[in-house]
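Okay, here's what each chain looks like letter by letter:
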Amino acid sequence: MTDIPAKAAAPSASSGSALLTLMKLRTFIALIAVLVFFSIAAPNFLSAANLILMAKHVALNAFLAMGMTFVIITGGIDLSVGSIVGLCGMVAGYLVLNGIDLQIGYTVYFNVFEIILITLLVGITIGAVNGLLITRLNVAPFIATLGVLYVARGFALLSSDGRTFPNLVGKPELGTTGFGFLGAGRLLGLPVSIWILVVAALGAAYLARYTPLGRHIFAVGGNERAARISGVRVNMVKMFVYMFSGFCAAIVGLIISSELMASHPATGESFELNAIAAAVLGGTSMSGGRGTIGGTIVGAFVIGILSDGLVMMGVSSFWQMVIKGLVIIVAVVVDQAQRRLQQRVTLMQMAKAG
Amino acid sequence: MSPAHDVILKLEDVSKVYAGTVAVKQANFEVRKGAVNVLVGENGAGKSTLMKIIAGVEQPTAGRILLEGEEVSFSSSGDAVARGIGMVFQELNLFGNMTVAENIFATREITNRLGKIDRKAQEKRAGEFLDRLEAGIRPDMLVEDLRIGQQQLVEIAKAVSLDAKILIMDEPTSALSAAEVEILFKVIADLKARGVAIVYISHRLEELIRIGDTVTVLRDGRITGQEEMRNVDTQWIVRQMIGSDAKDFAKADGHQPGAEIFRAEEICLPRVTGGLAVDHVSLALRAGEILGIYGLMGAGRSELFDCIMGRHGHASGKIFIAGKQVKERDTTRRIQRGLALIPEDRQREGLVSILSVASNLTLASLSRFVRLFHIRGGAERQAVVQMVRELAIKVADPAQEVSSLSGGNQQKVVIGKALLTGPKVLLMDEPSRGIDVGAKADVFRTMRKLSRDGLGILFATSDLDEVMALSDRIAVMSNGRLTGMFDRAEATEAAIVAASALGHGPTAQLAPAHGEQR
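Going line by line, the protein sequences match chains A and B.
The working numbering numbers the first residue of the first sequence as 5 and each following residue consecutively.
The working numbering numbers the first residue of the second sequence as 237 and each following residue consecutively.
Some clues are possibly wrong.
Claimed, not checked - Where chain B lies over chain A, by a calculated footprint (3+ residues, C-beta under 8 Å):
# : stretch
1 : 230-239
2 : 297-309
Stated by the list, open to error - A short list of chain B residues far from chain A (calculated; beta carbon distances all over 10 Å):
#  : residue
3  : Val-293
4  : Ser-309
5  : Ala-318
6  : Ser-397
7  : Gly-431
8  : Gly-613
9  : Glu-626
10 : Ala-725
Simulated from the structure, these hints should not be mistaken for laboratory data.
The C-beta atom is built at its ideal place from N, Cα and C for all residues, glycine as well.
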């Protein structure tokens with residue numbers, strides 16, 4: 005029995021690192037937990053139709069959360085994405101229905117491909133406005149994007165006087181048909197929006213890992229001064245992340261309008277908060293420098309599956325909000341605990357080493 | 237009295253570890269009542285950390301603290317104050333937006349029965365303390381309106397007003413004038429007579445010898461000597477501070493510098509508060525030459541480097557690399573032209589602490605490893621491994637976070653980052669600050685090697701030994717101006733120190749006017 009202290013010490017060290025591993029995988033564990041829980045608690049949860057439906061819901065938030073992740077990694081925030089979703093939906097709807105009146109008796113109608121391109125450009129441009137406000141005029145990201153949130157929402161409402169653009173089927177003689185493909189179309193059995201998400205997520209993850217721009221995004225968020233002195237073009241990096249966030253929001257605006265075959269100017273209200281929640285749940289640090297696209301996507305799935313599953317179980321939407329809030333708080337608390345544990349483990353090792 | 241009897245505070249085997257450095261290693265330290273206990277050591281030896289542990293600002297990683305024979309642990313400075321330990325901090329801990337009286341009574345405001353702060357009583361009490369300091373500070377003045385020296389006196393008044401049994405003073409005289417120092421010494425003598433234990437930290441040896449009763453020397457976080465002041469002299473202190481392994485400056489190898497590689501002409505940088513932070517500085521550097529820039533704090537050395545790197549849009553002047561003018565004004569393109577800076581403040585400007593060692597090393601030179609837009613992982617890894625080996629960076633795995641390294645190794649990462657950009661001219665701002673002796677020697681050796689390879693090196697330092705030992709030529713800056721330029725052979729410490737004091741104080745207007753061409 006004399007060797008008990010030694011034995012006790014060894015497992016405590018290894019259980020410390022095991023705990024650390026568990027904490028690092030927390031979002032993934034949470035995802036598996038909600039999947040297991042709802043597949044037992046909610047009937048039909050695991051049916052293919054339901055899974056695809058949920059994935060479509062999640063995809064919308066996941067797009068926004070990806071853009072948001074890059075912004076947050078640079079140490080900023082983008083509150084305007086929800087409004088950009090609304091405005092871009094209206095732009096697409098307007099172009100399908102009305103085209104552009106050239107004021108000389110002619111009206112130009114665009115085909116669906118062109119409409120998508122123009123809408124994406126609008127989203128990128130609004131992101132560029134955010135970026136210019138932040139880099140050139142030194143407005144704090146929170147304030148700049150809050151302002152743009154209101155301006156963009158205002159324009160969305162103005163574009164139709166607050167009404168919905170209904171029935172975006174288009175007219176064959178004008179070549180504006182086919183807008184529904186984005187939201188309702190399928191490729192190889194999966195919805196088009198899922199395929200777009202897969203492509204965009206792989207692209208974003210590649211960008212973060214294997215390109216100088218991606219490295220610079222992390223450097224700017226980790227230490228802006230050091231990045232600047234190392235020759236990183238900090239302003240360009242910031243412009244990019246806000247433009248990318250606007251681009252993601254435009255995609256969401258297009259998909260929603262296409263799904264509903266209608267554009268409503270209030271679409272996307274409070275979407276920005278869901279996007280931030282997904283990013284944070286996925287391990288993105290609000291103080292910048294830390295985060296992954298993969299984590300964010302998993303975070304978006306946890307939030308999305310949680311709310312859809314609770315709906316299927318018949319839990320009231322009021323309780324859903326409470327539960328969602330608690331999950332986010334717990335995630336951040338665990339995140340902090342993990343950092344502290346990690347720090348302590350390294351410090352102890354160093355103290356031992358000398 | 238037996239010595240054991242008047243020991244009021246005792247540290248036993250206290251250690252403190254920060255991410256990246258061991259600041260204090262198993263220190264044993266005794267503080268005696270009614271005496272001035274002096275603590276000395278070089279920059280980064282761990283004096284301030286040790287004092288912060290006593291004052292409850294930091295918690296020791298290991299070891300115990302005995303106060304009047306009883307083991308204590310302070311979780312905050314409030315705990316320490318409650319047990320009668322006060323501290324005058326090196327960096328001023330004052331609220332600029334509040335009055336002197338409000339600062340002195342911060343967190344222990346004098347209130348009336350209703351809990352309202354009694355301003356009059358506070359100002360009257362504060363006035364008593366301030367009068368003892370004879371500084372002409374009124375208690376209702378805003379702290380931000382005071383000179384730095386006066387602010388330091390307020391900090392001292394605040395500590396004295398605590399009626400502490402132990403009073404720690406961390407470099408209390410660093411911003412005081414000679415007259416103010418005399419007043420402070422009178423206050424200290426007064427406190428001593430009342431049985432207060434004073435822990436006194438300073439760099440100024442003559443000061444310590446004058447007022448100290450006991451002296452404790454720290455080197456690299458370890459206590460290397462503890463003696464009665466009457467038994468020692470300055471030489472003993474210096475020996476304990478520096479140790480037998482005196483600084484290892486790599487020897488010059490006698491190679492001849494080549495053609496001019498860098499020239500700065502008339503660099504000027506306006507100060508926000510008026511005047512010039514860099515005042516018409518012109519200098520030239522040859523390939524393979526080490527040009528040391530000596531100057532006191534605030535002489536404008538760092539600002540000159542910032543101008544050369546293009547960090548200030550409103551700076552004026554011209555710079556040339558190998559005879560060709562550098563017209564690019566932004567840092568990114570100046571780096572591409574062959575300039576690289578190793579900044580003074582490693583944490584704030586040198587490293588992205590949450591990224592890995594590898595990412596930090598290649599941050600400034602990523603374009604070297606890119607095909608189209610893809611970073612070639614193999615090429616990057618190879619460069620990282622090579623740089624880690626070349627600079628002898630002690631790291632198990634380059635994927636480790638850079639903040640887990642020791643200070644010296646972090647500095648090597650910053651140097652490696654600059655070198656990977658393939659610079660022609662290297663600007664090093666205090667390259668040996670806050671790193672241990674071994675790493676210093678490595679850094680100096682690296683500088684020698686680089687100069688042999690034909691790099692031009694400009695390095696700024698406020699360490700006289702360093703500038704004398706390493707430079708081929710020595711430039712001296714004072715008050716934003718270049719006040720001296722010496723060849724290594726003809727430079728003497730006295731001449732350099734004299735030049736570094738030019739243009740300070742009332743003689744500022746009379747100093748040799750480099751700006752006459754204006």
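Structure-based check of all given hints:
1. 230-239: The restraint on the stretch 230-239 of chain A holds, since 8 of its residues have a Cβ under 8 Å from chain B and three suffice.
2. 297-309: Three-residue rule not met by the stretch 297-309 of chain A, so violated; n is 0.
3. Val-293: 18 Å, holds
4. Ser-309: 17 Å, holds
5. Ala-318: 27 Å, holds
6. Ser-397: 36 Å, holds
7. Gly-431: Answer for Gly-431/B: holds, closest chain A Cβ roughly 37 Å.
8. Gly-613: Violated, since 8 Å does not exceed 10 Å.
9. Glu-626: The claim stands: Glu-626/B keeps its Cβ more than 10 Å from every Cβ of chain A (closest is about 19 Å).
10. Ala-725: 35 Å, holds
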